[in-house]
Amino acid sequence: MKIDDIIDELRKGILDLAKNTVEEFVQHAKDDFEDFISATRDDVERWTIALAEGKLTADEFRFLLKMRADLAEMHALTSVGIAATRLKRFRDGMISLIIKTIFAALG
Amino acid sequence: MRIGSKSSLVRLVGPLFVLFVTACAPIIADYSLEGYKNATSLKARSLAMIDLSAEGYGKHSSTVEKLLVDIDAAYEFAAGTPNNQITAEQWDRIRRKDHNFVGGYVVHWKGLNGKAVSEFFRQEAKTGIGRAYDYIICLEVNKNKAASCKSVTDTSG
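Sequence order for the protein chains is A and B. Residue numbers in the first sequence follow the numbering used here, run continuously in steps of one, and reach 107 at the last position. Residue numbers in the second sequence follow the numbering used here, run continuously in steps of one, and reach 1157 at the last position.
A portion of the hints provided could be inaccurate.
[What the hints assert, rightly or not] In silico contact screen, one side only, chain A against chain B (beta carbon under 8 Å); selected entries: (1) Phe63; (2) Ser96; (3) Lys100.
[Said to hold, decoys possible] A few chain B positions that, by computed beta-carbon distances, are all more than 10 Å from chain A: (4) Asp1051; (5) Ala1054; (6) Gly1058; (7) His1060; (8) Ser1062; (9) Glu1065; (10) His1108; (11) Asn1113; (12) Gly1114; (13) Lys1143.
It should be emphasised that the hints constitute simulated quantities derived from the structure, not laboratory data. Since this is a predicted model, take the numbers as computed values, not measurements. Think of the CB as a built atom: it goes at the ideal place given N, C-alpha and C, for glycine as much as any other residue.
Hey, can you work out the whole structure from these sequences and the hints?
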């Protein structure tokens, strides 16, 4: 096998790997973000009504709003962490692909 | 160019060498069963603590203090694990008094001077604190296998 053939094979494999990794990550991140926004909208609406009805004090209302802001930070940290796990998985997959392709070429 | 010639070997071995060196560079900590257990068990205990706040703080102070110590221990475990800064930061937010998760909730409860926390507020705080733990759990699960946060937790956001 020519080295150019190996490189072509690797290029295709790595592109597929990158595509799958990115597509899956983007879909999960999008789903998780939409869930977060939807929950935030519902929560703030419910708390505002509860405040008006006297079920929540002003202090409690402020506490919950701050908690929601803290949750946004937790969400962001998790997203960054998950991106790092995907990068790590991509790197490991790429190494495995290169080794497999080269050993297959060497026979 | 065929494999076996000197130049083709250099073309192959060069990138491989770079790849193996890169492979040694840390990105994020590996999955930790202990980290996962810390998050799931302390989530359950934290939510149970919120139920206890249907009564005054004084009656349950020793239970709460023990929970806070165990959360501190979970933070120290995360912070002491190499390449685990993100998870450690999340635990820090759970425990700190200036963040409105467990640390902030206990400050609020204590501030009521022996009174119970109102039911509506308790339920809302319980949902929020549960979600905060779910983020830690979701990240830990993703260190092991790719998953959306929705699929690894029971809550919806």
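Hint by hint, here is what the structure shows:
no.: 1; hint: Phe63; result: holds (6 Å)
no.: 2; hint: Ser96; result: violated (10 Å)
no.: 3; hint: Lys100; result: violated (13 Å)
no.: 4; hint: Asp1051; result: holds (17 Å)
no.: 5; hint: Ala1054; result: holds (15 Å)
no.: 6; hint: Gly1058; result: holds (20 Å)
no.: 7; hint: His1060; result: holds (19 Å)
no.: 8; hint: Ser1062; result: holds (24 Å)
no.: 9; hint: Glu1065; result: holds (21 Å)
no.: 10; hint: His1108; result: violated (6 Å)
no.: 11; hint: Asn1113; result: holds (13 Å)
no.: 12; hint: Gly1114; result: holds (17 Å)
no.: 13; hint: Lys1143; result: violated (5 Å)
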